[in-house]
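> Now for the letters of each chain:
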Amino acid sequence: MTLRAIAEWLEDRTGLGRVIGKLLRHPVPPGTGWLYVFGSATLMAFLLQLVTGAALATLYVPAAGDAYESLKYISEQAMLGRFLRGMHYFGASAMMILIAMHAVRVFLTGSYKFPREMNWVSGVLLLALTVSMAFTGQVLRWDQDGVWSVVVGAEQAARAPLVGRWLARFLLSGDNIGGETLSHIFAYHVFIIPGLIIGGIALHLYLVLRNGVSAPPRVDAPVEIPAERAKYEALLATRGVPFFPDAMWRDVVFGTGVLFLVAACALIFGPRTLGLPPDPSLLAKDPHPDWYLLWYFALLAVLPPRLEDILIWLLPLAAGVFLIALPLRFPGGQRHPARRPWAWGLVLTGLVGVAVLLRTGIRSPWTPEVDAKPLPAAIVASHDSMVMSGAVLFRARGCEACHRVSGFGGHYGPDLTYVGDRLGDLDLAQRIENGGHNMPAFGRYLDATELQQLVAFLKSRTRAHGAMTDAH
Amino acid sequence: MTAPKPAPPALPRRGFLTRLSLGLSAIAAAVVALPAAAFVLRGMFRRVPQQWRDLAPLAQFTIGDTVQIRFESAHADEWARESAHAGAWLRRVDADHFVAFSMHCTHMGCPVRWQAEASLFMCPCHGGVFHSDGSVAAGPPLRPLVRYPVRIRADRVEIGTAPIPMG
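Chain order of the listed sequences is A and B. Take the first sequence: its letter number 425 is residue 425 in our numbering, and every next letter is one higher. Take the second sequence: its letter number 62 is residue 62 in our numbering, and every next letter is one higher.
Simulated from the structure, these hints should not be mistaken for laboratory data. Misleading hints may appear alongside valid ones.
To be verified - If you want the ones that stay clear, here's a sample from chain A, every Cβ over 10 Å from chain B, calculated:
{"id": "1", "residue": "I20"}
{"id": "2", "residue": "D66"}
{"id": "3", "residue": "F170"}
{"id": "4", "residue": "L171"}
{"id": "5", "residue": "D175"}
{"id": "6", "residue": "A234"}
{"id": "7", "residue": "A237"}
{"id": "8", "residue": "L315"}
{"id": "9", "residue": "P341"}
{"id": "10", "residue": "R444"}
Unchecked claim - Only pairs whose alpha carbons sit at most 25 Å apart, straight line, appear in this in silico DMTMM-like list of lysine to aspartate or glutamate:
{"id": "11", "chain 1": "A", "residue 1": "K285", "chain 2": "B", "residue 2": "D133"}
{"id": "12", "chain 1": "A", "residue 1": "K285", "chain 2": "B", "residue 2": "E117"}
{"id": "13", "chain 1": "A", "residue 1": "K373", "chain 2": "B", "residue 2": "E117"}
{"id": "14", "chain 1": "A", "residue 1": "K285", "chain 2": "B", "residue 2": "D96"}
{"id": "15", "chain 1": "A", "residue 1": "K72", "chain 2": "A", "residue 2": "E117"}
{"id": "16", "chain 1": "A", "residue 1": "K72", "chain 2": "B", "residue 2": "E117"}
{"id": "17", "chain 1": "A", "residue 1": "K459", "chain 2": "B", "residue 2": "D65"}
{"id": "18", "chain 1": "A", "residue 1": "K72", "chain 2": "B", "residue 2": "E82"}
{"id": "19", "chain 1": "A", "residue 1": "K285", "chain 2": "B", "residue 2": "D94"}
{"id": "20", "chain 1": "A", "residue 1": "K72", "chain 2": "A", "residue 2": "E8"}
{"id": "21", "chain 1": "A", "residue 1": "K285", "chain 2": "A", "residue 2": "D66"}
{"id": "22", "chain 1": "A", "residue 1": "K285", "chain 2": "B", "residue 2": "E72"}
{"id": "23", "chain 1": "A", "residue 1": "K459", "chain 2": "A", "residue 2": "D447"}
{"id": "24", "chain 1": "A", "residue 1": "K373", "chain 2": "A", "residue 2": "E433"}
{"id": "25", "chain 1": "A", "residue 1": "K373", "chain 2": "B", "residue 2": "E72"}
{"id": "26", "chain 1": "A", "residue 1": "K22", "chain 2": "A", "residue 2": "E233"}
{"id": "27", "chain 1": "A", "residue 1": "K72", "chain 2": "B", "residue 2": "E78"}
Positions of the beta carbon are idealized from the N, C-alpha and C atoms, including for glycine.
Using the sequences and the accompanying hints, generate a full structural model.
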C-alpha cells in the first residue's frame, strides 16, 4: 500500500482532514494585518511552555527538600537542561508580554464589543490563569526568591477582608513554609492551572470561530446591536478571505520569530540563576519576584501604608471587575482607536505606570544597604575629631543603609553628599532626633555627644569641601 | 420473532430518564469531585499543633545581645528539610528573661535583619524599619514585629513555634 492509499483510508474512516481543512480555511475579513498576530503567538508560547514544561517535569523533583538540588542538576548537568529551562523561563516572559499585547490590541480596536463580549470575558479568565502560572512557576524555582514569593503572596492575600486568612493558609498550605507548600504549588502549576487554561483556550477558540475574527475597525462603522451580525456576514460573503493562508501566514511568521527569539535568549543568557537554597531562616538580602510581578511588588513599597491596607486587595478586585464589566457595559459604539481617546488614555496610563514601577522595582531604593562599606578617609577628609567620629557613627548607626554620601550607601533617603549646604546645625539635629517621612527617630539611640558628632560630620558635607577633596 | 411493542407514552418516560441521567451524573461527579476538592484545599483547614523547640544552653546567650536563631517550624514534614526552617531574633534581656521577635516583617513577611550598632531591624523588601523593641520605626509596616514565646527548661532555652504572622 502506498502512503497515499494509507492517507486516503485514514481520511475515509476519520474525516479529520476535511474538518481541519474547513476550520483553517474559514473566511475572515480582509485586511486584518500584523496587529492580529498576538493572540496566536500567545497560543504558540503556551504550547512551547507545555512542551518544555513536560520535559522539565521528567527530572524536577517536586519535594521541598530536593527540588532545589534537582533544579541545579537540570541547569548544570543534565543534557539540554540549561537550554530547556532557558526556553521555559523566557517562554514565560514571552507569554506574559504577548497576552498583554493581545489584550491591549483587542481593547484599542474595540474588538470586545458585540457580539464578542464572551470572547473577551474568556480572555480575561485566560489572562488571570496566565498570571497565576507566572506566580506558581517562579515559586517552583524554590530558591530564596521562590520561598519569599509564596510568603509575600500569602501576606497580600491575607489582607483581603473575610477570606484573606483562608486564602493565605491555602497558598502556604498551612501556617508556615513546609513540605506541602511546594508539592501543592507544583500540582497547580503542572496539572490544575494548565488544565483550566486548555479548557479556556478551547472555549476562546470556539468563540473566535463562532463569532468570527473582528473586522478592522472603521471610523464610519460603529457597532450597532443587533445589525452588526448581518453586516459582518455580508462583509464575509462579499470580501471574506480564507484564514489559511491569507491571514495565517503572518501568525506563522511572527510566531516563529518569537520562538527563535526565545531560543536565542535561552542559548545566550540561559535560565535565571538559582539564588540561595530555600531555607526561610536565611537572611535574604534582596528577595524580589520576576519582572512580570516586580512592578506590583514595587507598588507595595510606594503606596502610603494606610491606603495600602485597602488598595492591596481593592486594586486587583477593581481591575478584575473592570475587565469583566467592560464589554457588558460598552457593547456598542465606536471601535476605531482614533475615536476612542479614553481607551488610549487608559492604556498609556497603565503602560507608563507599569514602566515607572518596574524601573523603581529594579532599583529598589528602599532596600537598605546593610553592608555598606565604611566611608574612606579620603572622602571624610577631615582632621576634626568630631567629624571623624561622626563619619564612623554615620555607618555604624545605620544612616548609611539609606543615605548616600559621595557614592557610598543606600538610596532610600536623600543623598547627603552636600547636605551641609542645605541644612543648618539645628535642622540636622532635629531631623536626626525626630526622624520623619520614612525615617526612624534616632533620638533614642544617640547621646548628646554622638548627635553633635553626626551633625558635625553632616555639616562638613558641602560643595566647597567636595571640591577641596577632589583637588587633592 | 416478537412483534414490536407499541411505543409507550414518550414524555413521562423521557422526563424520568432525563432526570435519572442528570441526577446520577451529578452524584457520580460529586463523589469524585468533593473529596478531591477538599483534599486540594486542605491547607486552609490544616491545624498543626505548635511545639517547643530546644535551642541551646542558657549560658550561651549573652545578656543584651540579639542573635539570630534557627529552628524547625511546626510544619517540619520529613521531606521538607531546610525549607521548614524558621528564624527569629532572640535577645537575652536579663538573667532569666528572653524576648524573641519573628523575623517576618509585618508588612509583607520578608526577613528583617538586626543591625546591632544601629539598634534597628531592617527589612530588605520594601524598607520597613523596626526599633529594638519591635515597634515600627519607619517604612510601610503598621504593626510591631510579632513575638514568639520563649522559656527556660533545665538551663536550656526553648522557643515556641508559631505561624508566619499574617495581616
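> Now tell me if each hint is right for this structure.
Hints versus structure:
Listed as outside the interface, A/I20 is consistent with that label: its C-beta sits roughly 31 Å from the nearest C-beta of chain B, beyond the 10 Å cut-off. Its closest Cβ contact with chain B, about 7 Å, brings A/D66 to no more than 10 Å, contrary to its assignment away from the interface. Its beta-carbon lying about 5 Å from the closest one in chain B, A/F170 breaks the requirement of being farther than 10 Å from that chain. Against chain B, the non-interface label of A/L171 is violated: not every CB pair exceeds 10 Å, the least being about 8 Å.
Once the 10 Å rule is applied to beta carbons, A/D175 is inconsistent with being away from chain B; the minimum gap is 3 Å. Interface exclusion of A/A234 from chain B stands, the closest Cβ pair being 40 Å apart, more than 10 Å. Separation of A/A237 from chain B is adequate, the least Cβ-Cβ distance of about 40 Å exceeding the 10 Å criterion. Consistency note on A/L315: stated as away from chain B, and its beta-carbon is indeed over 10 Å from all of that chain's, at 15 Å minimum.
With a least beta-carbon separation of about 35 Å from chain B, A/P341 lies farther than 10 Å from that chain, consistent with its non-interface assignment. At the 10 Å boundary, the C-beta of A/R444 falls inside the reach of chain B, the nearest C-beta of that chain being 8 Å off. As the CA atoms of A/K285 and B/D133 are separated by approximately 22 Å, the hinted pair is consistent with the 25 Å bound. Only pairs whose Cα atoms come within 25 Å are accepted, and A/K285 paired with B/E117 is accepted, the gap being roughly 18 Å.
Taking the CA atoms of A/K373 and B/E117, the gap is about 14 Å. The hint holds against a cut of 25 Å. For the given pair, A/K285 sits about 33 Å from B/D96 by alpha-carbon distance, which is inconsistent with the 25 Å threshold. In summary, the hint linking A/K72 to A/E117 is not supported, as the alpha carbons are separated by about 45 Å, beyond the 25 Å threshold. Note on A/K72 and B/E117: the hinted pairing is violated, with a Cα-Cα distance of about 37 Å set against a maximum of 25 Å.
With a C-alpha separation of about 33 Å, the suggested pairing of A/K459 with B/D65 is violated against the 25 Å cut-off. Distance check on the hinted pair: A/K72 and B/E82 sit about 16 Å apart at the alpha-carbon level, within 25 Å; holds. The straight-line distance between the Cα atoms of A/K285 and B/D94 is roughly 31 Å, outside the 25 Å bound, and the hint therefore fails. Under the criterion of a C-alpha separation no larger than 25 Å, the hint pairing A/K72 with A/E8 is inconsistent with the structure, at around 49 Å.
Distance check on the hinted pair: A/K285 and A/D66 sit about 23 Å apart at the alpha-carbon level, within 25 Å; holds. As the CA atoms of A/K285 and B/E72 are separated by approximately 21 Å, the hinted pair is consistent with the 25 Å bound. As the CA atoms of A/K459 and A/D447 are separated by approximately 18 Å, the hinted pair is consistent with the 25 Å bound. The suggested pairing of A/K373 with A/E433 holds, with an alpha-carbon distance near 24 Å, which does not exceed 25 Å.
Between A/K373 and B/E72 the CA atoms are separated by roughly 34 Å; this puts the pair beyond 25 Å, and the hint is violated. A hinted pair counts as satisfied when its Cα atoms are at most 25 Å apart, and A/K22 with A/E233 qualifies at roughly 17 Å. For the hint pairing A/K72 with B/E78, the CA-to-CA distance comes to about 21 Å; that is within 25 Å, so the pair holds.
In this structure, the earlier hints numbered 2, 3, 4, 5, 10, 14, 15, 16, 17, 19, 20, 25 are contradicted, and the remaining ones agree with it.
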